[in-house]
Amino acid sequence: MKKSGFALIPVMLWLSLFLVVPMLIVVGISFMQRDTDGNLIYTFSLDAYKIFFDSLYLGIYWDTIVLSVATTVICLLLSYPLAYYIARSGPRRQTWGLALITIPFWINFLIRTYAWVLLLRTQGVVNSLFMNLGWISEPMQMLYTKGAVLLGMVYTFIPFMVLPIYVAIEQMDRRLLEAASDLGASPWRSFWHITLPQTKSGITTGAVLVYVSTTGMFVVTDILGGAKSSMISNIIQTQFLGARNWPFGAALSVIFVITSFILIALFNKAMTSRYETVKEGRV
Amino acid sequence: MIELVDVQKNFAGQMVVHPLNLTIKEGEFLTLLGPSGCGKTTILRMIAGFEQPTEGQIVLDGADLTALPPNRRDLNLVFQHYALFPHMTVEDNIAFGLKMKKLPQAEIKQRIEEAVAMTQLTPLVKRYPHQLSGGQQQRVAIARAIANKPKVLLLDEPLGALDLQLRKNLQSELKQLQRSLGITFVYVTHDQEEAMMLSDRIVIMNNGQVEQIGTPREIYATPATLFAATFVGENNIFSQDGRLFAVRPEKLKATRDTDAAKRTGVVQDVLYLGSIHKLVVQLDGEPMTVTIALDFTDERPWEIGEKLGVNWGSQDEVNIGA
Chain A
1 MKKSGFALIP VMLWLSLFLV VPMLIVVGIS FMQRDTDGNL IYTFSLDAYK
51 IFFDSLYLGI YWDTIVLSVA TTVICLLLSY PLAYYIARSG PRRQTWGLAL
101 ITIPFWINFL IRTYAWVLLL RTQGVVNSLF MNLGWISEPM QMLYTKGAVL
151 LGMVYTFIPF MVLPIYVAIE QMDRRLLEAA SDLGASPWRS FWHITLPQTK
201 SGITTGAVLV YVSTTGMFVV TDILGGAKSS MISNIIQTQF LGARNWPFGA
251 ALSVIFVITS FILIALFNKA MTSRYETVKE GRV
Chain B
1 MIELVDVQKN FAGQMVVHPL NLTIKEGEFL TLLGPSGCGK TTILRMIAGF
51 EQPTEGQIVL DGADLTALPP NRRDLNLVFQ HYALFPHMTV EDNIAFGLKM
101 KKLPQAEIKQ RIEEAVAMTQ LTPLVKRYPH QLSGGQQQRV AIARAIANKP
151 KVLLLDEPLG ALDLQLRKNL QSELKQLQRS LGITFVYVTH DQEEAMMLSD
201 RIVIMNNGQV EQIGTPREIY ATPATLFAAT FVGENNIFSQ DGRLFAVRPE
251 KLKATRDTDA AKRTGVVQDV LYLGSIHKLV VQLDGEPMTV TIALDFTDER
301 PWEIGEKLGV NWGSQDEVNI GA
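Line order of the protein sequences matches chains A and B. Last residue of the first sequence: 283 (UniProt numbering), numbering continuous. Last residue of the second sequence: 322 (UniProt numbering), numbering continuous.
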């Protein structure tokens, strides 16, 4: 083993202790049974996976993927212009811009989410304002809808998208844009042919972070979505804590981890061109 | 061909390019020569369109370019650090400008072939920039620019990042290329030897001002200012009766007959440079050294510490002001 290999040992230990071992335990539990009190019975069984193919759970599974993808796409569309603006501003504005992106993290996440309840509920700020302005005659049902959940997810995870994209734009060699312009590219075509490909790494990182975080988030769905808009993560939480059906919770977890791996792998493949392949020496 | 009319550039209230009038002729190899920070790159960037002149106009073939963005100017720049697109192959880098111009596919293909043949890149077209050496990257930068068949090619210290041997090879390649293409080259460098070797005309700049414009021969033989006299080639500056003049080392003669000499001094160093050797002489009564270039016709070699006389013909004195 090379010297650099030894340096990786602590990381490997850390990963196996806190990631691989717990994951294996979850996989193990997913193949077990439980008794009526919720205790684990250590016999092999596929029951937990059979429950999943109930149409109720399949529907929630599909909803979760749709919501997570939608959150990722909306975050990307909002973040790119914002990150671009910050990265291309002067040093003072950059500092301010980044501070404003991170300041919400200083406030407890639950408080921020409940603030959305105050804004969105039937007698909430938005409805009162619109009614006073005469724009609507009856309050709109905004809270406890899928829209509210989507809004909350986008709001929560947008910094995870802005920051990696910001870094990628900031690190890009701007002389490439001068070269593109010199070769006759309009600003829009420079962006499309140079900036976008050059900042792909930021987009990939941000998208994976937002997607994975969204699939695992149950607080936002609990608070803003009510009972009607459960996600897989809510079901998993309920199975482990409320229903005490650990095997089923574990099976759902395993299914969702595999789904995420597949989707991320497909996404990475779509985002990788021949250039990246050559650069990483895979040819 | 290109005219710079009273072009001036200020940065933060400071004049970095003093008002400049310059006409660059068709097919000419013109070099802007000067130390770093002299404003030469700023002039090039103004011609390319990356900087806007504070005052004045830039005219190409009779059309005023001053207000046009770089992408609408019919000239191309070879960047100092090449600025190749890392995610594109050599071929795609060269095709970029042609695609932006929306040329037909067949023409793009043909122009790429011409450009890579001219720059000896044909076997490398499928490579990415990071798979090329510095010299090869430099060639791609040139190929990418000339494929557009610009009226003028601007080059910003294109050989600055390369080692000496490679630079020498590429210098002669560049000169050849310019001759065969017949397009105007505007070249920026701080290397006076490179400027002398390549240029039809040289613009010597210092502190944002033009010191002299002339052919390499004119600049070497009759420098107009003290800066021009000392920046290009080695020179010896004398002052006499309130007059300043320069005499090149090869025009100075060393003699053992100190009484008849114009100056006297002591040999401080003898430098052997192969084809010639040089004497560094500490003049008597003056706080300066002069350099004398000698061929090997002397009857006996000079020793360090030896007293000697320094002579020159008055026709070799070049007045460079008071």
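Be aware that one or more of the hints could be misleading.
[What the hints assert, rightly or not] Here are the simulated BS3-like pairs of lysine-lysine, each with C-alpha atoms no more than 30 Å apart in a straight line: (1) 101/B with 175/B; (2) 200/A with 101/B; (3) 175/B with 200/A; (4) 102/B with 200/A; (5) 146/A with 228/A; (6) 175/B with 269/A; (7) 200/A with 99/B; (8) 102/B with 126/B; (9) 279/A with 307/B; (10) 251/B with 307/B; (11) 99/B with 279/A; (12) 251/B with 200/A; (13) 251/B with 278/B; (14) 278/B with 262/B; (15) 101/B with 168/B; (16) 269/A with 278/B.
To be clear, the hints were calculated from the coordinates, so they are not data collected in a lab.
Straight-line alpha-carbon gap residue 101/B to residue 168/B, limit 30 Å: Violated, at roughly 34 Å.
Given hint residue 307/B paired with residue 279/A - CA-CA distance at most 30 Å: violated, 65 Å
Restraint check for residue 99/B with residue 279/A, where alpha carbons must lie at most 30 Å apart: holds, 25 Å
Distance restraint between residue 102/B and residue 126/B, which requires alpha-carbon spacing of 30 Å or less: holds, 22 Å
Restraint check for residue 146/A with residue 228/A, where alpha carbons must lie at most 30 Å apart: holds, 9 Å
Given hint residue 307/B paired with residue 251/B - CA-CA distance at most 30 Å: Holds. Residue 251/B to residue 307/B sits at ~19 Å (cutoff 30 Å).
Pair hint residue 200/A and residue 101/B, alpha-carbon separation not exceeding 30 Å: holds, 26 Å
Given hint residue 262/B paired with residue 278/B - CA-CA distance at most 30 Å: Status holds; Cα separation ~19 Å.
Residue 269/A paired with residue 278/B [C-alpha distance capped at 30 Å]: violated, 66 Å
Pairwise hint evaluation, residue 200/A against residue 102/B, where the allowed Cα distance is 30 Å at most: Holds: residue 102/B and residue 200/A sit about 26 Å apart, inside 30 Å.
Pair hint outcome, residue 175/B versus residue 269/A [Cα-Cα no greater than 30 Å]: violated, 46 Å
Proposed proximity, residue 99/B with residue 200/A (alpha carbon, max 30 Å): Distance ~22 Å between residue 200/A and residue 99/B Cα, so the pair holds.
Hints 3, 6, 9, 12, 15 and 16, counting from the list given before, are not met by this structure.
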